[in-house]
Amino acid sequence: MKARYKTIVDSYAQAIHRGQLVAGTRLPTHRTLAAAERISLATATRVYRELEAMGLVSGETGRGTFVRDITLPPGHGVDQQALAGDVVDLNFNYPSLPAQGDALREALRRLAVAGDIDAHLRYQPHAGRLSEREIIARYLTGNRFAPDAENVLIVNGAQHGLAVTVMGLLRPGDVVAVDALTYSGFKVLAALYHLELAAIPCRADGPDLQALHVLCQQRRVRAVYTMPTLHNPLGWVLSARQ
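First residue of the sequence shown? That's 1 in my numbering, and the numbers climb one at a time after it.
It should be emphasised that the hints constitute simulated quantities derived from the structure, not laboratory data. Be a bit skeptical, because a hint or two may be false.
[As the list claims (entries may be wrong)] The calculated label-pair distances, taken between Cβ atoms and stated as ranges, are:
1) Arg129 with Ala191: 32 to 38 Å
2) Cys216 with Pro172: 33 to 39 Å
3) Leu209 with Val22: 47 to 53 Å
From the three backbone atoms N, C-alpha and C, an ideal C-beta is built for every residue, glycine too.
Make a model of the complete structure from these sequences and hints.
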């Protein structure tokens, strides 16, 4: 039997998706909802908390709970929170290059004409095709670093790469040192794999390395997660000495 609060959550969710509750609609206060539905105040709070986790409403201190705009212009996908909430979204850190759409279109056109199209109709090796790994290895070679193609693995984006690294090197309960303000995607991974994050204070030019040294003396730190180049969201680039 479905819990009472879930029934109320589903009712509100359906009304929002069907447009019966439009964006900007102010929902009843927690006490009003509790009285109307004959539930406890804690249960009413749980209803709104779940709706907020679903991205359907937003709570504003001192103002109330409002229905969010869940309709998006075509092509905005992951930017939903930023568009609907009228905030700057620091979850993602990627370049916006002039005419990058045209460059991608041209690359796909060349691939369609001369690329190995048949290969894309088959399952791919887990680590990626060797020819592509060799290209990546050559690209990375330089500054006393020359990776072997056999040691290059192709992943489906940075988040997948981080997940593979965490699963391969860490265990639940391990302590990982991170910048006090760090990539939100790694925090999600840490929660998923039950890692303990220990914060390193941030300075204007990077993490406080002396604080990291002290932390490593005090705790059994298994790994350090940081971003030496184009830190997200602080944007710093560490010097060679750092």
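Tested hints:
The hint said 32 to 38 Å for the Cβ distance between arginine 129 and alanine 191, and at roughly 34 Å that hint holds. Remark: the range hint 33 to 39 Å for cysteine 216 to proline 172 is contradicted by a beta-carbon distance near 20 Å. Checking the proposed 47 to 53 Å range against leucine 209 and valine 22 shows it holds: the Cβ atoms sit about 52 Å from each other.
In summary, the one numbered hint that this structure violates is 2.
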